[in-house]
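Below, each chain spelled out in residue letters.
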Amino acid sequence: MINRRDFLKLAACLGASLPIAGLPSAVSAALKILDPESVPKLIYLQAQSCTGCSVSLLQAEAPDAVTMITRHSKLVFHQDLSAASGKQVLDLLDAYISGNAGDYFLAVEGAIPLGMPEACVIGTKPIADYLGAAAETMSGAVAIGTCSSYGGIPAAEGNLTGAVSLNDFYKTINKKPLLISIPGCPVHPDWVWKTIVHLVKIGLPELKNTRPAAFFSRKVHELCPRYHDFQQEIFAEKLGDKGCLFKLGCLGPDTFADCPTRWWNCGQTWCIDANAPCIGCASPMFAAKRDFPFYRNAETAMSGTPGEKS
Amino acid sequence: MKIDIGPVTRLEGHLNINTTVENNIIIDAKSMGEMFRGFEVFLLGRDPLDAQQITQRICGVCPYAHAIASSYAQEAAYRLKTPPNGRILHNLIQGANHLYDYLLHFYQLSALDFIDVTAVTGYTGKDPDLSHLRDWVNHALGSKESYPAAPFLPRLSGTYVTDTDINITALKHYVESLEIQKKANRASAIFGGRFPHATGIFPGGCTRPPDIDAIASYQALIRDVKHFIHHKYLPDLLAVAGAFPEYWHIGQSKGGFMSYGLLPFGPEPDSSRLLSPGVLLDGKVETIKSDAITEDVKFAKYSSPSGLKVAQGSLTPAPHKKGAYSWVKAPRYDGHMLEVGPTARILVDYLQGGNKTVKQLVDRFAGIADIRPEQLNSVLGRHLCRAVSAVVIADFLLDQTEQINPLEPFIPEIKIPEAGEGFGLTEASRGALLHYIRIKKHKIDHYECVVPTTWNCSPRDDKGTPGALESALIGTWVEDPGQQIEANRIVHSFDPCLACAVH
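Protein chains in written order, with my numbering: chain A, 1 to 310; chain B, 1 to 503.
For reference, chain B alone in the conformation it holds in the complex:
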């Protein structure tokens, strides 16, 4: 039987998934992006410096990643000489944005898949947040309201954590994480001007000088975030993993992996990065060739040609196109379907022996969970790889603040050339993010974004190969085909962002 499990909540935007279930097994899944705006058309003919502002509005959850990708692309197109401080400020902004995003994803977007929120009704302790929540939930449940204790109830039917301590601790941290994510965002706003949608980011730097006032505040805020990551986020994640070990085996995608690499050590475009780039195909990591990326649209709602390379991309919406079931295009690498995101980021780095801390953390947690590194391709693997990313990013950010020279330039002088082009490749929290800009007569002649969720939530490509999320859902056993909490857990592990995917 065919069942739509959308709108899938606790993710960004408009995602529906059409599943076909037989004997409680999902035998087919179609990922449907349901919202379209047309950013690549809005950008045409504009001043190139508008791009890092406009593209942030693709996504208000990870706007800084778009600003950074756009800045990299413009730096290449302008042949800009980025000062070392400028690159560090970009890193401080982008890295802090990753930290907030991981916390938001684990607690607000994912935890309610596993944690039993009703455990709070029997809370007997003295914590003021939990006591208030208990009274609020109990009062609502005793009332005649149509939907008491919304938005936390109703929820999908299924098995939740039964251990009271784990539930109560996680709920306390659900509330506390909302305070901590604000600190991460305050830190990035110091140099970005505000969050979301930073106005202070420009190609090659930021408008806010890195003086002691700014740096000391940044360090203090990130230290608080780091403390939460080590002492609350990681233990909560391991507790959930301990309660649901089967999710190390559920939700594998069936293609390759790609990471563009995250957080450059230096200002040059080819600087090595905290997490190394690469594409992982058939167990081997290769160097990425950006001209191997194409976008298929046979099953996407566009009448523009299929299989175009990034620099030739085209966008003609066709909402009634026959056979098309999603606004998301289907990007492919040399014809291969890929998963991008935390697992790709960590696996690609781990297999190259790039970052020593990544290797140590992966080996340690793999030992605790009794899994092999390949099982990072799973629901819990994606969650764990976010946490590993968070640990190494937080340390890197604090180290970067020590590398600043407050007397040196922090933003270059920008001159828009008559013509030029450039690629900007980085890792958004959700994965590999590419921006491409081409300039003619000092204006944007072409702009293209290939975004993490475009890869992960893609529909079939022209050959009929499912996208990463579709492939991870197919074959999954579901207890209740009408609700499919198991499928929801798989979807959430990818942290889809549909505004990014379609844009």
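With the rest of the complex left out, here is chain A:
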């Protein structure tokens, strides 16, 4: 009988090369009747984070957060929700990360202060120690949000702590765990929860540049309901105007994310629906450079941007 860890590795290999629809039907059927007790555990750690991604995860609508942690996954630890505190937490983390408490996935929110380990400590140990040890025992890691995916604001110009992404952290210490990056500042709750459902029920989702392809295959601009305005050259000239926001500095043309079709806050709205230019919060270059402001006049906006190219 194939055990869960081998299975996930197999699923990872299959998922990397095939869209899920291409999996043999017997395999996908087997996955759907997994014993709930074998659902992998999630350990959610915060590094140099603002908790904005965690708060965003609570805004999930369908499935909502309670459904996610009681039906689709098992959240063994989260700083903001766990009743356990103090030494209980340190014991729990040690039990899992030593490999003695069963299989688990790691979810990491925030950047890792590679140059100054003391800039993020849990109990008495730098978070880097926990993450390094986890590379040996975890089934895989999910980088939650732009800080964990790319470094984000802690790694912006002026970076005092040597803050890096989870991927760069593991590269630096020569580890190659299975890693999925889900950027966004904050992350959209659907992007995370639905990736986790996929991991638990089916295996690794199709990835593109380490991001789940389902959410990050198209640019905001391509999907934007104001693309028509762009084509007709109906541009917002000042803040508060309707029309294409490109001349105000909208970074939709440089940012991979499905915000225009998914919307935010239970489908209530999203940035561009509120006439707010996209600030490229899911981009590897988000907030990275002092000389690249979020908002620009028409001349500089037209002069090209350092965003991600397809």
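Hint data in this document are derived by calculation from the structure and do not stem from the laboratory.
Remember, predicted model here, so these are calculated numbers, not experimental data.
Careful, some of the hints might be misleading.
[Claimed, not checked] Below, simulated DSS-like cross-link-like pairs (lysine-lysine); rule was C-alpha separation at most 27 Å, straight line:
| hint | chain 1 | residue 1 | chain 2 | residue 2 |
| --- | --- | --- | --- | --- |
| 1 | A | Lys-125 | B | Lys-30 |
| 2 | A | Lys-125 | B | Lys-2 |
| 3 | A | Lys-201 | B | Lys-144 |
| 4 | B | Lys-415 | A | Lys-289 |
| 5 | B | Lys-322 | B | Lys-356 |
| 6 | B | Lys-172 | B | Lys-126 |
| 7 | B | Lys-254 | B | Lys-298 |
| 8 | B | Lys-463 | A | Lys-87 |
| 9 | B | Lys-2 | A | Lys-238 |
| 10 | B | Lys-463 | B | Lys-289 |
| 11 | B | Lys-443 | B | Lys-81 |
| 12 | B | Lys-254 | B | Lys-463 |
| 13 | A | Lys-125 | B | Lys-322 |
Take the given structure of chain A and dock chain B to it, following the hints.
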């Protein structure tokens, strides 16, 4: 004996507290902020309009408060003429953010200190949420998992509510509040663009026009939140208070109080506010002088000079500095240690006779609980002051929506001056929040944030005076020195946010 009670969970970020316990009494406490990023350095040399975006990332729990403080500071620096609608939209966003935050704090961050989550195992009713939770917990407890029913178990040892009805009702509302907080955040996102981290907030207004479509949705969502506050949050809080009356006497901080005042009635910088500002020292409320604020770093991990005023603030990290035990600085007002937050906000307003509803609510609840207003300085007092804030804010927001003129401007034209400076003072849900911006050559020359948890979780100042939380812990009796549920309840009553405190 010395015992670390961290990482303290159910609060934002990385907090450890080193306690010294003798004969079950905490005789010393050191509050240790354990995470540092360096926002004031990231902001240098940037376009000033970046600030209300970057500073929101200090804290994803109260990002809107940072956006508002930054907007106020920029409005002052730009000498911006804020349209009345612009100020109202800021208020609608910020106020709704307070409401979500109070619910999140009471149910998700604090309730498990008091409510017995295992009560659900014997639930016999028909509520689908509770039945599902019962089956889920029972199944987990019967399994061979290493940590069954996490994250709700294990928990700290101690006394929990024994009344089944109170426990079951609170657990039902724990789940329900997760739906209600989404409504509060949907309301603020209407004008902010999304929550967390609004993209629609600018100095002097918002990008989303307040048309009927937007206003009607906002009102409907806030009415639902208000209903929950009155009919579930307040009764649950009073039930917990009834079960643990000793917590009106536990967790007093030993300094003064300060509130910057919350939610201006008009667009002008000196407009009066729904909750009045002031600093409370020795029983007297005084007008706040922002140049009386300094930040000590003798016990904080910085090599930059100590005792600097806000406009001169400096940030050089020194993780190995001798004697330093926290990344949090120690702000002081004219040398005084202060508590900020809900108790400060309500007490400062109450003692000035500012808001009539605040006075009525405080007097009414003080009567129910048989306490004096000074006992708002306690674990339960902080919880009650959040609920009082929630009641007056919800009414104010609905009233503000009636003041909008949809045909008038909602965002000013913004021109960044070559040079300028400005302070932005407001109340985040966790307390007094200050932003300061100085502009030179159209760029940010200096930016400083003095944040609520910086005050509350500060280490010793240069004179050795403990911070507000430290002072509230010292002298507390704990049944189990290894776990200290009593200390956890005190810490949670402050609702610390360490990402804010250090930033």
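Hint by hint, here is what the structure shows:
Between the alpha carbons of A:Lys-125 and B:Lys-30 the distance comes to roughly 18 Å, so the proposed pair stays at or under 27 Å and holds. For the hint pairing A:Lys-125 with B:Lys-2, the CA-to-CA distance comes to about 18 Å; that is within 27 Å, so the pair holds. At most 27 Å may separate the alpha-carbon atoms for a hinted pair to count; A:Lys-201 and B:Lys-144 meet this at roughly 21 Å. For the suggested pair B:Lys-415 and A:Lys-289, the alpha carbons sit about 22 Å apart, so the restraint of at most 27 Å is met.
For the proposed pair B:Lys-322 and B:Lys-356, the alpha carbon gap of about 50 Å is over 27 Å, so the pair is violated. About 12 Å separates the Cα atoms of B:Lys-172 and B:Lys-126, which keeps this hinted pair within 27 Å; it holds. This hinted pair checks out: B:Lys-254 and B:Lys-298 have alpha carbons roughly 20 Å apart, not beyond 27 Å. The suggested pairing of B:Lys-463 with A:Lys-87 is violated, with an alpha-carbon distance near 32 Å, which exceeds 27 Å.
The straight-line distance between the Cα atoms of B:Lys-2 and A:Lys-238 is roughly 59 Å, outside the 27 Å bound, and the hint therefore fails. With a C-alpha separation of about 22 Å, the suggested pair B:Lys-463 and B:Lys-289 falls inside the 27 Å cut-off, and the hint holds. Pair hint B:Lys-443 plus B:Lys-81 holds up; C-alpha atoms about 21 Å apart against a cutoff of 27 Å. A hinted pair counts as satisfied when its Cα atoms are at most 27 Å apart, and B:Lys-254 with B:Lys-463 qualifies at roughly 15 Å.
At roughly 18 Å between alpha-carbon atoms, A:Lys-125 and B:Lys-322 fall within 27 Å of each other, so this suggested pair holds.
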